[in-house]
Every structure is written in C-alpha cells, then in structure tokens.
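Residue numbers (the numbering used here), protein chains in the order written: chain F, 98 to 571; chain A, 98 to 571; chain Z, 98 to 571.
One or more hints might be untrue.
Only pairs whose alpha carbons sit at most 30 Å apart, straight line, appear in this in silico DSS-like list of lysine-lysine [stated by the list, open to error]: (1) Z:LYS564 to Z:LYS288; (2) Z:LYS258 to Z:LYS288; (3) F:LYS556 to A:LYS227; (4) F:LYS229 to Z:LYS556; (5) Z:LYS227 to A:LYS556; (6) A:LYS556 to Z:LYS288; (7) F:LYS160 to F:LYS229; (8) A:LYS229 to F:LYS556; (9) Z:LYS556 to F:LYS227; (10) Z:LYS564 to F:LYS229; (11) Z:LYS229 to A:LYS564; (12) F:LYS445 to A:LYS160; (13) F:LYS160 to Z:LYS445; (14) Z:LYS340 to A:LYS445; (15) F:LYS564 to A:LYS229.
To list a few chain F residues with every Cβ distance to chain Z over 12 Å, as calculated [stated by the list, open to error]: (16) LYS229; (17) SER360; (18) ASP428; (19) LEU546.
Because the hints were derived from the structure by calculation, they are not lab data. We put the CB at the ideal spot given by N, CA and C, even for glycine.
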Amino acid sequence: MSEPWILSPERCFDPDPSQRSLARELYISVEELPIVSPHGHVDPALLADPNARFGSPVDLFIKPDHYILRMLYSQGVNLEELGVPTRDGSPVEADHRQIWQRFADHFYLFRGTPSGYWLAEELINVFGVKEKFNSDSAQRIFDYLVDQLSQPEFTPRALFKRFNIATLCTTDSATSTLEHHRILQKENWGKRVRPTFRPDAVINLQTPGWRKHIDQLSAVSGIDITSYHAFIRALEVQRAFFKRQGATATDQAVIIPYTVELSDRESEEIFQRALQGGITSEEVNCFSGHMMIEMARMSVEDGLVMQIHPGSYRNHTDAIYQRFGPDMGADIPVSAEFTRNLHPLLNKFGNDPRLTLILFTLDETTYTRELAPLAGHYPAVRLGPPWWFHDSINGIQRYLDQVVETAGLYNLAGFNDDTRAFPSIPARHHLWRRVTCNWLAGLIMRGLLDEVEAYEMAKDCAMRLAKRAYKLGD
Amino acid sequence: MSEPWILSPERCFDPDPSQRSLARELYISVEELPIVSPHGHVDPALLADPNARFGSPVDLFIKPDHYILRMLYSQGVNLEELGVPTRDGSPVEADHRQIWQRFADHFYLFRGTPSGYWLAEELINVFGVKEKFNSDSAQRIFDYLVDQLSQPEFTPRALFKRFNIATLCTTDSATSTLEHHRILQKENWGKRVRPTFRPDAVINLQTPGWRKHIDQLSAVSGIDITSYHAFIRALEVQRAFFKRQGATATDQAVIIPYTVELSDRESEEIFQRALQGGITSEEVNCFSGHMMIEMARMSVEDGLVMQIHPGSYRNHTDAIYQRFGPDMGADIPVSAEFTRNLHPLLNKFGNDPRLTLILFTLDETTYTRELAPLAGHYPAVRLGPPWWFHDSINGIQRYLDQVVETAGLYNLAGFNDDTRAFPSIPARHHLWRRVTCNWLAGLIMRGLLDEVEAYEMAKDCAMRLAKRAYKLGD
Amino acid sequence: MSEPWILSPERCFDPDPSQRSLARELYISVEELPIVSPHGHVDPALLADPNARFGSPVDLFIKPDHYILRMLYSQGVNLEELGVPTRDGSPVEADHRQIWQRFADHFYLFRGTPSGYWLAEELINVFGVKEKFNSDSAQRIFDYLVDQLSQPEFTPRALFKRFNIATLCTTDSATSTLEHHRILQKENWGKRVRPTFRPDAVINLQTPGWRKHIDQLSAVSGIDITSYHAFIRALEVQRAFFKRQGATATDQAVIIPYTVELSDRESEEIFQRALQGGITSEEVNCFSGHMMIEMARMSVEDGLVMQIHPGSYRNHTDAIYQRFGPDMGADIPVSAEFTRNLHPLLNKFGNDPRLTLILFTLDETTYTRELAPLAGHYPAVRLGPPWWFHDSINGIQRYLDQVVETAGLYNLAGFNDDTRAFPSIPARHHLWRRVTCNWLAGLIMRGLLDEVEAYEMAKDCAMRLAKRAYKLGD
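Extracted from the complex, chain F is given alone in its bound form (with noise of 0.2 Å):
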C-alpha cells in the first residue's frame, strides 16, 4: 500500500488557531444532525427497489457526474473513453478497469475543486479507502470498491439510513406518474423520499417533443388539454397529486427569469398556436413569463413552495447534446437580472404571506445587487444556497459573506445539494456545515455575535432553515 489518505478534522476551517477552535466547536454541535436534501436529482428508483445496486465504481462515480465528466473532457479525455453511453448506440469503452484507471491518472485535475474534495470524503468516510487516489492505487482500490458495494452495507437504502437523512427530494417532470415515489410511501418512506413538481417540459413551449409531454400530461391528469384552461388545469391536477405524494415544492428552470401578466385571451391565443404548431421565440418567452405568474398563483392557493433555477445556456456544444444528450458538463452560465424581470410577479404576489418563492443564481453579482435586497423586503422571497459551480468552500463563503448582511441569516433557505451523485451527499452537507460553522467561529472573532447566537444559528444553516423554507414540519 502507498501513501495513507487522510482527511484534515480542521478542514474547510480558517488558519487562525482562534477562530478554527470554535469553528470546530461549532461544528462538533451540528456534525451529527440529520440531513435534509430539500432539491436534489437522486433518482427514486434506487431506493424504491430495496435489491437495488449502485453497479461498478465507474457506474456510480464517473459516468452519471457532469462535474467528473467536464473536467476531463477539458483535458482531452472524451467521453467515448469514459464510457459514456451514445444516443445512437455507437460503442463506448466498455472496461470499467480502464476507465478507472484513465480517472486515476488525471485524479490530479481535480486538486483545489470541491469534485475532488466530495470525491476524497465519499471514499475515505462512506467507503473506508485508505491509501491515497492515484495512478498507482487506481486497481487496489477499484478491486476494494467492487467487494464495498456488494455489501448489504452498500444499498442505496442501507447508506440513506447510515447517512441519517431525514428527508430526500427528488426533481421529477410534471408528467410524472410517480411509481417509486407510490412505492416509497407504501412502504411508510413517503416522508423521507418526497417528489419536486417540475413542469418546464409542458411550459417551454420550445421543448423538443413539447406536443408529446402535453399528450402525457392529458394522459396523466386526465384531462384532454385542448386549450389553455384544460392545460391549467391539468397542471393543478398533476400539482394536487403531487402533492398527496409528500411534494411540498415545484421548480422551474429557466434562462432568464422573465416574468409578464398576459390576459385569459392573449395565452389561450398563444397556446392554440401552440397546439398548431408555428409560435415564434417571443410568444414563447411571453407565455414562459406569464407561466411563472401562474405557477406563483398556484402556489399560493396550494401551497406549495417555488423554485426557480434560472441562467444555464443549457448544452453549448452541439456536438455533445447530439452524440451524448444532456448533462454531460456542457452548460454555462449566463448573466442574470431579477430587479426588473421579477417586479410583475413580485408585485402581484410578493406580499402574499402564502407564497414561499426560493430564488437560485449561477450569476455572484446578483447577490448583494438583487437578490439579497429582494429576500430582506419581500416575505414571500427566500434564497437558495449557492447552486451548481457555487457549492464550494470560496463558493459559500462568497454568498454568506455577501446576502447576510442585506439579507439576515433567516432570509435563506439552508442548503441544497442538488445532486444527482447520492453518496456524495454527506460530504456536500459536511461542507456547507464546516464552511457555515467557520463564517459564524469568524464573526464571534470579530465581536459580531455572542457564542450563544453563534450556535442556534448552526443548528439553523445545518438543517431549521431549509426545513422551514420547504415546509418539511418539524
């Protein structure tokens, strides 16, 4: 065996030996605390099946993680040699042994990112690795990962009970018949597994195959959605059912998070069209920004709390979308306006004591120009934590250090993380944790809270914030 790999106690914290004591004080209060994942990707199907299996080391670290998979395709790996499926079938590499090794020898990529810092932690505290990731290690340790999750240790149920999480939310499309989620709850994990209302295939009048997902949700809702009343009111069918699911919450993903009051007649207008076929890109950003209104509309006569993840050019390249679909490390960013975009819903309904609307930015400069003035006047308004490239040491520091002040600590929404990867839960809540603890240990330093204040306000960015903010009760 080569090196030992270990993980610092005093990781994440800052070097001042003063503050890292009671960082790590802090942090010794909330460590154990129960997880809440209010917004993630995990797909229920793992933890519906109760046999179910994470597959080889390659299946469940490498190919389904866009993060992994980006990087070394900066680096010139492709995602043929990753073993990537294609669209069209073509054949990838299949030796799970090569991949590996391809991802050990370019494990030094990752130094400095929190996709290596996830990556240590799973494998170190979730499965026990011992010496150090690297070319040379690479087969020890994939032979050591095959045995680990052959374990009855290793289900994906197992670890969600080892993991302590409380409640798990899952993103599924409006259309959804919610088979696992139905399973989970008869199965009495309906309050730990709970489904997320996510309706922008129906609502992107651009989705590609939008005609089919109208027909599904006619399917599913039972209504024949002829006009624009039967669609809404199909939405507010498949929201109800989703909500007898355990959902307490709806997300919408969109570039610009453009909102706009169109009259009963203009969407009817728009829609038929759109049945039709022919609507240009202005009447679907009309129809997209008057849909966020409706959804807020919803929300406050259902409940339901909303999300809205806005700013992703979603698959830049091309060739990848066509080759490998989406998810594959290919969106970026752009920049966002809510000012301005928002003022038409939040006029209408940013008052409403009913409404809980969790706002999300891949833009930083939005944060204390926007969203943080927002969040400290509107009571319906709440902040998501620091989303996508932003869930990281400098990522949530930048974001405690910039919305807290404007905002108030009470204001967000606790932590997401937004993860397709489930067993990099622990070490995404484990971050936010340590990097919340430290920003708290650094103001007490700084003669701005009292110990006491220090630690209630732990225990609410490990856990009461987002429980609140997603009505996840107590």
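Since the structure of chain F is already known, use the hints to place chains A and Z on it.
Frame of chain F, contents of chains A and Z only:
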C-alpha cells in the same frame, strides 16, 4: 437584569493577533477625530430648533429607519404593526410599547447585519443600555430610553456636540427655502450644518407633480419658468442661494447614469412639451442625460461638488408605495454602467480641474471594472464610499480591496454615513474607521505599507479625504 | 541619507504565522525558476541592439508607463509636466530632474497599488536603491540611477540575462517585417525573444488608416489584396512568416468578443465595400466576429495559440488621445459577455484538440459565471491570468479563489506580465509567485491539499502552465 451587553473592543478586526493589534493602535489614533458627514438625510429641523426632541424610542429607532422596516417586513411583520403612518390616514398600531416589544421579539433577525451592529452601538454607547436587548429586556429598556430621551443631554443639538460632529450636510430639494439652515446660519451653526442642492424633482420630467415643482422653483428663484433657458437660470439662482447658505455640493439620483448633450433647440423643444404635458419616456431620458452635463457645467462654474447616486429602482412594491409612500425599504438596486454612459460628460468636463464629480454605486461589479479605472484617470472623478446596502463590514472591505489598487486611496471621497437616523452617525463612522484601520493593518502585515504611511492614511480615511473631496476647508 | 528602504521578506503573505511560513517555503522553491513571459509589449529593438540603453530614469520609469501617467494625471499633474511628447510636437517639460522630483512628490499616491509595489521592488532589487524614495531623496536617487544606467550591467540584454528570462514574447503588428526578431534569431536569441502575431489593424475595418495597413500587408506578404480571399491568404502567409521567426501565438483585442460565421459571399461583399469606403458599423462588427472564427480556423491549421483580450474602451478621453496618442492611461473597461458571444466559435472549434484559445478579461464578474465554466468544459479553452488592472495582489487572489474551484488549475495559462516596462518584469513575476504560493499555503492550511501537491502546483503556476499553454517546449 438579564445578560450584560458589551461591545468587543476588537470588533471588526481580523482574528490574527498581530493584525488585530496593529488595527487597534491605528484605530486609537483616529477614534476621537471629529466627524465629517458630507452626505446624509438628517432633517435640519431637528437641529434648527434648540428644543427639538426625538420622541419615543419607536419614533427614534424604528419608524424612520427603512433598514429596520424592510427586515421586519420581510419576515411577515406588517408596517401597520410597526406604527408606520399610512398616506390615507387609516389607523395603525399606536401603542409604542407594543411596537417596541415586537421589534425586540424579532431582533434576532438582525444578527450579522450592519443594522444590528449600529443599533447595539447606539443603545450601549450613546444611551448607556447595559443589558442585552431581547424579548425579556424590551420593556425595561423602553422605560430607560424614555427617561434618557427626556434629559437635556439627549436633544439633537446636545448629541451633535457630544458626537463631535464638525460638519453635517443635509439633502434638500432644489425648491427649498432652507428656512432651517437660515436659522442655523444665524445662530452660528452655518458651518456645522450645510444644505445640499438636490434638483431631481425638477430635472426628472416624469416626477409626479413635476409641474407643481416647477411652479415652486419659479416662486423661490423669482424667475418665471416659461422656457428651458429660464429653467436653467432658475437652477443657477437656486444653486447660488444654496451656496450662500453653506452648500458645497449638489446631488442627483438616477436609475441609469446616462449622459448626452442636446442642442439648445432640442432642450427647449422637450422642455416646452413637458410644460404642455405629453412627453415621451425617451424624451425624459434624453433631458435627464442632458441635464447631467448641464449640472456638471454649472459645477465647473460655481464650484459646487457634483454627486451622482445611480442604480436604485425605487418603490419596487406598488402596494407599499400606495399605502405608505417612499423610503419604506422597497427600493431594489439594478445593474449599473458608467464607462459608456458617462463618456459624453467626462469627455467634456472630466479633465477640468474645477469639477469634482463623486460617483456612488449599488452595483459592486463596477468597482474594479469601471469606477476605479475612471477615478484613476479623470482629474474630476472621486469615488464615493460604499453606499446603502454596502455600508457594512464586508461591503467596506470589498470596496477597499477592489478600488484602491487601481484608483489609489487619494481618488476616494472618504466616508458618508448617508443616514436619516441621527443617533446612528457615530456608530457608522466608527465602523468605517475600524474597518479602514483593520484594512491598513492588513497591508502592513503583507509588507505593503510602513506604519508611518498607515497612520497618515488612517487619518485620511477618517476625515481628511471627505473634507478635501467636499471642499469643507480646514 | 534618510530612511532606509527595505522590502519585507514576507510581503504578499497572509498574516497567519503558519500559513505565512508555508507560503515562504513554497516561494523559496520557485523564486529562482526562469521567467517565462509569453505575452507582453517590450520593444524588441531594445534587445536586438546589444548597445541599446534605457535613457534617463524618466525615460525608463515614467514616460512609457501608462499606470504611472494615469495616476499622476488623475491628481492634477498634466502629461506635459511629465515630459510626455505631444503628437504635434508642441513643447513639454524637458528637464528630467524636475519631472523626477514631481514624481517623487506624488509617490504617496501609489500607496497600496501594484505600481507602487513594482517600482519599489525595481528600485531596490534591480537597481540597489537603499533609501526610501520621496521628495527629499529624489535627486540623490536620480543621480544614483543615472550612474547605474550608464554601467554595462544595465543594458537591456544584460538585465535580460540577470533576470533569468527563458522566453519573452513581444506583440507585433501583422504587417511587421520583424526586423528586430530576425537579428535576434541570427544571434541565437530566437528562442528567447519571440514575436506574436497581432492583426487588429487589418481585421478591424474601422481602424484609422485601415487602407494603408492593407497596403502594407500586401507589401510584406507579396499578395495583392484586392479580395477577401487574397486578404485571408495574406494573413496566412504572414502567420507562417511569424511562425518561422519563432512565434507560437496570435493576439486580438476587441471591445466585445463577438463571433459569427459569414458565408464567403458575405465576407467578400463586406470586404469589397471596405476597400471602396462606405462601410457600416454593423458590417464592421460582423466582419470582426467572422474573423475571430477565421483566426481560430487558421490556428487549428497552423498550431498558433489564439489569444483574445476583450473589453477595453480605448482612448476614453478625446483630448488626451488627440494631444498625446494612445496608451496614456485613458483606456477604461466595459462589461464583457463570453457565453453567448463565443458560442459560434466554440461550437465550431472548441472541441478541436489542435486549438488553444486563451481568454482574458477586464470584467471579473465573468470569472465564475462564464470563464471558469467554459475552461472547465472546452478542450480548447485556457484562462489567461488576471490582466492589466487586475494584475495585483488582490486581483490574483480573487482570480484564484474564483476560477480554480470550477476550472481546476490545469485549465489556466499561467502568468503573463503584459508589460512595456522591461525592468518591472521580475517584480511582476515575483508578485505572482508570492501570491500563488500564499494561496497554495492557504489550501494546505484548510486541509485541501497536501504539501507534495502544493510544491508541484507552485512550479506549475510559476512556469509550467505558461510553457504548456503557449507551446514553448521544455
């Protein structure tokens, strides 16, 4: 009595013991310097009347403070419950004890915010409160404050002296008769309390009641404003009047700092259309952009320092504005652009040594990208301090870290407190002084300054830069 | 002699003693490595002539340095008073002693700026100045420098060797005959001093004197440029010529990094209209956007690394430009956008392993939002170091903190000094090395790297990343 309430003597300082000790020494050297407050919104009536009183603790700390109102409102406390008067006179909470209790019950919301910091410093250092402000102590502290506020040591003038304020500049409508400043001047307070010329209501052709403001301007200037030329002349007359009453500066608020030069004929045409009603938004913007250049021209001629505060989308929530009016915490920033927008103005007057143009921003992205480069080139340009949401420990630190490397310290305009909350003035200036001293200590630690330089720069930051930029003499 | 002038051996390092000590050890390991300077503006004539001299201290330190000129100008020192030559030959200050004194009198303006830092390091480490530079010491230091500059150890070539520069790339017009580089190549300095192909003057159809530049391109390439195709051919011929003279890269400056693909017919039509005069601004932009893609295509074919420096609004002050010309400190950044603008180019060539595209920015908001995500995905994209105003202690720290978590270290292009000021080269590289080592020490302290990794990464930052990105061999 419950928990004692103490301010850390090391507050705002870095955790590192060496930096902290340097910061403290630097701070001691500037702590007692007189306060120069060249921009803010204190009501001059408070100081003109030697018998003026602040009213109850609610009148003093809650009702006029939009930072406090916005945070409480964001967490579901209605403005009615805080006693904020409605425009239509419909009744609101009148029991100040109950409002005060409500505030105390929600005081935890201000953890880690500048409002929380300022309030603690005011209660402890200005009023001598000794127990921590919370639900339990609220009524005792209320009684204590009522008693203090009835003492002669707590009149506005008494506090002005105790605060060691050398100069306080107020912000006054261009149509003001400056009656309070005239009283102050008679009583030899003219150098201590100075007006600032703010012509927004007459320059922005879209101001509600613009025509009435123009009539007022005619009345106070003695010039019948029937033409653009008469309008310009009236502004010049009023500027001269403000200058005689002690003004050294003007101030303008705009959403976008757009500048453009119109011909006399174009200006006259737009102005005539405005007088007759029926102006377009584009004409409003052109006229506003043109008047920025005209205001610069007048500053070149009469020597008044020109301030621009751009980028606030005022009254984002119609319902709040209609019920309570402006300045209720519902103003939200938008992104700003200076390089292209100010080009016409700077190209014409930016090189003129007679102009001082102080630029503010709510969009921190402009610090390194536009403002520091502009201030580091144009002789006329100085950078205003971090404004509004950014007047905070992190906000000031970011500002210094981002602008000084490019603009140098000597292109900054020192500190403004920009406050309506008179008793918070020392807390705000002390926070600025602490953060600048800590930043200087950091530069010493990094070998970038020697101590002699740092002591000079600490004094520059505390007072001298503001006096120089605002031409407040020695 | 007055105060001694000493540089702290710990300069640029964090105050925390443990981090500082790690930073210092890392720095010692890279301090003496050769300097690789793959992008800058040193005049090759200085090195081609073995007898070249730098002139007076004013010629060396003040006149050619737009950082120095801009700061002095911003505080009321006219460029005439600094001896900057006028375009019309009208007289300016000729007494270098007096200019030097003026500089010394204003040297306090540079406190806390990189210019102040570089200058101190040059005077102390390159020239051996021992007393602090100020009004009092100015004339003694002037005498001392005049004496030093007359010594054989202070010719450009002698300093080049003493600075241990492995490679210095200059920036040269596409129409250059590279006469200095040809001399250098003959004298075996060809690998040490390399040209860079900069075609802005012929690609930007709005360049003053564009037609004259085209005629020059015809002359040097031997191709009569009467058509778009001939233009492309002439560029290819010149690229090949530059490559033979040692070039490994091209460089383009644009305000907006817009890219668009035109058909051959559209390109030809625009080019013909340009030859005949009477082109529109929109055509200029289209052609420029198209030529970005053409330059990428040529790079794919000939292997020259492509650099883009966008976002500078050049010559913001007409009066300065008319009287003194460009590069006087009057260039101001504007906001930048890469995700949408580069989409056509990257979609076509971003996945091609033959292309290296190095992106720079003056808009730091693009670091986390666009540049790091692009570099962390596209095999062709590398991120240039912090540029111009951002080549500073805080600028470098922000860059590393913001890009590495998403792009990783290995998608960075190492360091550029980008300087015209030859004797500042070591100071700039040492500052970069100090800040990168301090940043690595911070990662060790936070448990994110082990020391073995950090020592490797320190070498990567110091030299290896630049050599690899710019294909400068081993």
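Notebook entry, point to check: Which of the numbered hints are not met once you compare them with the structure shown?
Noted result: 6, 14, 16, 18
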